[in-house]
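Sequences and hints are given; from them, build the entire structure.
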Amino acid sequence: MQKPQEGLILEVRNLTTSFKTDDGIVTAIDDVSFDVYAGETLGIVGESGCGKTVTSKSIMRLLPAHLSFLGAKSQILFGGLDLARISESKMRKIRGNRIAMIFQEPMTALNPVFTVGWQLDEALKYHTDLGRKARRKRSMEMLRLVEIPNAEQRVNEYPHQLSGGMRQRVMIAIALCCEPDILIADEPTTALDVTIQAQILRLMEGLKEKLSTAILLITHDLGVVAQVCDRVMVMYAGRVIESASVREIFHDPRHPYTKALLGSIPKSGGRSEDRRLPTIEGVVPNLRNLPAGCRFEKRCSLSDKEVCQREEPPLVTIDGRRSVRCHYPIQPHQPEEA
Amino acid sequence: MWAYIFRRLVYNVPVYLGIILFVMAALRVNDPIWTYLGKHATQEQYDQFAKASGLDKPFLRQYFDFLSDVVRLDFTVESWDQPGIQVGKMIRAAIVPSLALTIPALGITSFLAICVGLISAYFRGRWMDQLLVFIAVLGMSVSFLVYIILGQYFGAFWLKQHLGMDLFAISGYPSGGLTMATWAYYCLLPILISVIVALGYDTRYYRAVMVEESNRDYITTARAKGASGPKILFVHMLKNAMIPIITRIMITLPFLITGSILLEMYFNIPGMGRRLILAINAKDFPVIQAFTAIFAALFIVTNILTDVLYAIFDPRVRLQ
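Line by line, the protein sequences give chains C and H.
Under the working numbering, the residue at position 209 of the first sequence is numbered 213, and the numbers go up by one with no gaps.
Under the working numbering, the residue at position 189 of the second sequence is numbered 556, and the numbers go up by one with no gaps.
Be aware that one or more of the hints could be misleading.
Claimed, not checked - Derived DSS-like pairs (lysine-lysine); straight-line CA-CA distance at most 30 Å:
1) C:Lys129 to H:Lys606
2) C:Lys214 to C:Lys94
3) H:Lys598 to C:Lys141
4) C:Lys141 to H:Lys406
5) C:Lys137 to H:Lys598
6) C:Lys97 to H:Lys406
7) H:Lys598 to C:Lys129
8) C:Lys263 to C:Lys302
9) C:Lys137 to H:Lys418
10) C:Lys24 to H:Lys406
11) C:Lys94 to H:Lys606
12) H:Lys598 to C:Lys94
13) C:Lys97 to H:Lys606
None of these hints come from the bench; they were simulated from the model.
These figures come from a predicted structure and were not determined experimentally.
Shown next as structure tokens:
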């Protein structure tokens with residue numbers, strides 16, 4: 005594969021996705037650009053409805069073709085191809101093969117009437133030339149790789165015979181069986197209980213190292229981000245509002261929204277004993293009726309109500325590697341306890 | 368599995384006994400002999416007829432006699448309307464013409480309706496889907512009788528009269544054996560009509576089933592794996608839709624044997640449906656009673672069969 009820049013495997017440029025609805029056209033994500041480098045974990049964070057899932061489904065081209073469309077300037081550059089423009093049959097060769105995806109609900113994401121082995125085999129059948137026996141062997145390898153006990157027995161079982169954590173492991177095995185360059189994980193641990201969550205995250209991290217797969221992790225859980233991500237992109241109402249390394253996001257957020265998000269994580273320990281959990285007042289603006297200015301303006305504590313209302317701030321690159329979309333970004337300071 | 372089937376059969380024995388009891392009682396609310404003989408019959412005629420038919424015996428005795436006939440599949444009792452002809456023979460003669468219509472009709476309808484339902488669901492909301500739904504609604508909005516009359520007029524009469532194509536009979540049934548050619552000549556037109564009538568209903572049902580399936584998460588997973596449209600439609604969705612499909616088909620299964628009353632009447636096909644209507648019109652008590660007993664048994668057996676099929680097609684269903 006030709007790599008224009010060291011390790012750069014996915015370049016998303018000006019990705020704009022709109023939906024045709026009964027009330028007219030609604031733009032769910034607007035001018036989203038980001039890069040994914042080989043072997044890294046990029047987190048996409050934001051509250052419900054901010055465009056995280058639409059971003060990932062746009063890349064995979066999984067949105068209903070007759071109800072959604074990409075903006076004219078949208079580019080999804082991957083392996084020398086522009087995924088926004090290639091044919092559906094070419095896209096099929098990439099899905100599940102070079103870019104794979106796992107989902108939020110392991111309970112329903114697997115097909116209930118086929119065995120685990122059949123569903124693993126299906127992906128291999130589409131993307132490899134392996135014979136039946138070789139595929140079976142590979143399936144077993146994958147099940148062991150995702151640490152499923154009794155793989156010989158599990159392979160012949162149906163999804164309803166497995167627990168939620170096991171099903172997510174199976175999903176991961178299916179996604180990784182063709183050794184994709186990128187694994188898109190859309191809220192992979194949200195539906196699981198906390199101990200299983202930790203196991204799954206650890207497993208994903210381990211596999212990322214082993215298979216050198218980049219992970220695009222979509223989540224609203226900043227705890228998960230802190231645990232596994234290298235870089236973070238914060239989205240708000242269809243826009244990227246801040247993007248930086250995980251360390252910078254947690255210790256030196258520049259956008260008031262990022263800071264507010266961090267402030268609303270429940271903390272254990274003495275500091276918050278009698279206080280209520282801080283929340284961000286208000287709700288995400290309706291995508292059908294977006295404000296002219298900054299989309300976060302109404303909920304922002306630092307807004308000056310004038311420039312912010314009048315014009316939307318551009319996404320500005322600072323320090324050459326991180327970017328923020330704000331008229332009055334929070335001033336940098338030394339990390340408190342580095 | 369066999370233990371399950373056996374247990375279900377045993378559980379259904381009291382149900383069946385109840386049905387027979389109810390049917391026999393209901394058939395005797397209006398004295399069947401007076402109904403048959405008419406009001407001008409004498410008491411003497413009545414007594415004679417009651418003695419000959421066994422209806423003078425106490426009800427419980429009649430009940431157990433009839434049950435024992437049913438259990439031994441002994442339908443040697445004679446028809447009132449056509450003396451000398453056993454009810455069992457009547458039924459045997461009527462089953463084949465009914466099946467010659469209903470089996471092809473159900474097969475063709477189900478196949479077409481499932482295919483159209485799949486296509487419609489796949490193109491959900493687009494012109495193809497809207498067109499198919501429009502045709503389906505149109506098809507089911509027209510009365511069965513209109514199809515029969517139009518079918519007989521254009522399909523049989525008009526084609527022959529104006530185009531010289533003697534493809535279909537207006538009505539009737541081959542008196543000799545049923546061959547491919549005679550079957551096509553006499554049965555194809557009514558089959559076609561019943562397909563057209565049922566297609567609208569079935570298509571809408573299967574479309575709804577498929578639309579529901581196509582919204583499920585596993586469809587997205589399959590697409591994310593790189594599965595093609597046909598693979599998703601015919602492998603992933605179809606197998607998941609088997610439960611509602613089986614339900615729909617199995618519900619109609621007893622009607623394969625009961626036959627289509629309307630079609631058999633209008634096309635003069637001596638099947639079960641026509642036989643039953645004729646028996647009712649002629650107040651032919653033994654025939655009505657035997658038919659009801661057979662139909663009840665059919666419904667019970669298909670219900671059990673349906674549950675067994677569920678378990679075969681859906682791994683989540685366990686027969687306990």
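>> Which constraints among the numbered hints does this structure fail? Numbers only, ascending.
In response: 4, 6, 9, 10
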